[in-house]
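Could you put the whole structure together from the sequences, leaning on the hints where they help?
Protein chains in written order, with this note's numbering: chain A, 64 to 324; chain B, 64 to 324.
Derived from the structure by calculation, the hints contain no laboratory data. All C-beta atoms, glycine included, are put in the ideal place defined by N, C-alpha and C. Keep in mind that the hints are not guaranteed to be accurate.
Calculated pairs, DSSO-like style, for lysine-lysine (alpha carbon to alpha carbon, straight line, at most 27 Å) [stated by the list, open to error]: (1) B/254 to A/144; (2) B/254 to A/121; (3) B/121 to A/254; (4) A/121 to A/144; (5) B/144 to B/121; (6) A/254 to B/144.
Taking beta-carbon pairs under 8 Å as the criterion, some of the chain A residues facing chain B (in silico) [said to hold, decoys possible]: (7) 110; (8) 112; (9) 113; (10) 136; (11) 140; (12) 167; (13) 241; (14) 256; (15) 264; (16) 293; (17) 300; (18) 304; (19) 305.
Number of protein chains: 2
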Amino acid sequence: MTGEPLILVTNDDGVHAPGLRCLAEAMRPIGRPVIVAPERDSSAVSHALTMDRPLRVKRLAEDIYSIDGTPTDCVTIGISKILAVRPCLVASGINPGANLGDDVSYSGTVSAAVEATMLGIPALAVSLVASESYDYTVAAEYARLVAGFILERGLPRDTLLNVNVPARPLTEIPGLCFTRQGRRVYEGAIKETADPWGRRHYWIGGGTPCWDSGGDTDAHAVLSGYVSVTPLHLDLTNHEALALLRREWPLPPAGYPASGG
Amino acid sequence: MTGEPLILVTNDDGVHAPGLRCLAEAMRPIGRPVIVAPERDSSAVSHALTMDRPLRVKRLAEDIYSIDGTPTDCVTIGISKILAVRPCLVASGINPGANLGDDVSYSGTVSAAVEATMLGIPALAVSLVASESYDYTVAAEYARLVAGFILERGLPRDTLLNVNVPARPLTEIPGLCFTRQGRRVYEGAIKETADPWGRRHYWIGGGTPCWDSGGDTDAHAVLSGYVSVTPLHLDLTNHEALALLRREWPLPPAGYPASGG
Chain A
64 MTGEPLILVT
74 NDDGVHAPGL
84 RCLAEAMRPI
94 GRPVIVAPER
104 DSSAVSHALT
114 MDRPLRVKRL
124 AEDIYSIDGT
134 PTDCVTIGIS
144 KILAVRPCLV
154 ASGINPGANL
164 GDDVSYSGTV
174 SAAVEATMLG
184 IPALAVSLVA
194 SESYDYTVAA
204 EYARLVAGFI
214 LERGLPRDTL
224 LNVNVPARPL
234 TEIPGLCFTR
244 QGRRVYEGAI
254 KETADPWGRR
264 HYWIGGGTPC
274 WDSGGDTDAH
284 AVLSGYVSVT
294 PLHLDLTNHE
304 ALALLRREWP
314 LPPAGYPASG
324 G
Chain B
64 MTGEPLILVT
74 NDDGVHAPGL
84 RCLAEAMRPI
94 GRPVIVAPER
104 DSSAVSHALT
114 MDRPLRVKRL
124 AEDIYSIDGT
134 PTDCVTIGIS
144 KILAVRPCLV
154 ASGINPGANL
164 GDDVSYSGTV
174 SAAVEATMLG
184 IPALAVSLVA
194 SESYDYTVAA
204 EYARLVAGFI
214 LERGLPRDTL
224 LNVNVPARPL
234 TEIPGLCFTR
244 QGRRVYEGAI
254 KETADPWGRR
264 HYWIGGGTPC
274 WDSGGDTDAH
284 AVLSGYVSVT
294 PLHLDLTNHE
304 ALALLRREWP
314 LPPAGYPASG
324 G
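Right, here's the structure in full:
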């Protein structure tokens, strides 16, 4: 055991994904990366937690473990049961594909970082905004840069960083922007298909997402060639709406709906 | 086809769950409930979307459909492909068990309402805070009350309501509170077990969650006997942290990490 800070590295594409290995290597100059990742691809599982069956941990090599569960399972079991000491950082990725705007809510990559944040450990999620060939070199450089900032300066409470890196050579990236989460405009991509017996099925996916045009959003930054860094938090409360409801919605009389319904 | 407003009713416990049927019945005085729910129990799937296989819709009875997928699948396919007209409300639940504080992030019940909100349709998620016997009568009354408010007054943009109802007789519920999402304090419940060959496995679950003690939180309201109604939104950005990062974190020079890394 060394004195280096432990960095838990995970993802949602599975322990054999090249983006994961790149991310772990990128962490090496600033700490000791330990991989705890799903045995299989768990893309789009969101913040799913496996509670209906026991989970098996496999040690594949020194500092590389897999779990037959979700990214969230990996973070919670990795921290509680696998790592000898508490990690100082959780890094999730590098995801082959964007995690921008509303899509973060579906993302296993981001959810692993959310779980770490719930457990009080600073975390970042890193995605490469590409759709065909994936060269993780540039994204890995930026992952190390942001991870180094976090180790040095810490993060505000209950907050994680969602990093998206455009698929461009380093020299064509004008820099890094701190952004807000954009809105995805719904594109309704559901393909109708038939099974061998002619019964209709629906296949969700495809389509080209559209984004709101706000200049300070994650999507806008990435489309302009920048690396976006979006601070996300755990509190989903719409505080403005809360004030409005308290002010404007009538509270039912005590005893309602017994008397009124 | 009647002129009544369509209300899409879904859940994460599956189409045969009694809480779902109670919720649909509760909607009947204010609209025409159409059930589109997962074929099987999908608890704790969070906002998972099924994209790796086609999904099959079954019509079980008039206005009752099942899909072999997640709650999110049900909402998106229900709205795009099953309902003849756009629903005016999506109601998700009634979940047997709380969806309070950070746990909303794991919840399939809440995620169905999140998906509806992304599609621009007002939504509520309803949970009964009980752990043994489940009598949905009171929760159903409150679900109708809140749904009626939504139909009458609308909801702020990108906002859904998360409703938690304590397991008490109506006369022992002092009323309804508008609340913020509380924090769950981590309790680290992972049970170690062994398979028939003696290999160690981990089972996530159990434990008693602890909550922060903030007086205006969802958990505090429910523990005090009130129905909590928490407005949640889709924007996970921590805007305060964003301002801080922009103010205090040094931006790398253009060309970094090429030059510096």
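Status of the hints after comparison with the structure:
no. : hint           : in the structure
1   : B/254 to A/144 : 10 Å, holds
2   : B/254 to A/121 : 17 Å, holds
3   : B/121 to A/254 : 17 Å, holds
4   : A/121 to A/144 : 12 Å, holds
5   : B/144 to B/121 : 12 Å, holds
6   : A/254 to B/144 : 10 Å, holds
7   : 110            : 4 Å, holds
8   : 112            : 5 Å, holds
9   : 113            : 6 Å, holds
10  : 136            : 7 Å, holds
11  : 140            : 5 Å, holds
12  : 167            : 6 Å, holds
13  : 241            : 5 Å, holds
14  : 256            : 5 Å, holds
15  : 264            : 4 Å, holds
16  : 293            : 6 Å, holds
17  : 300            : 4 Å, holds
18  : 304            : 4 Å, holds
19  : 305            : 5 Å, holds
Violation of the numbered hints given earlier is absent; every hint is satisfied by the structure.
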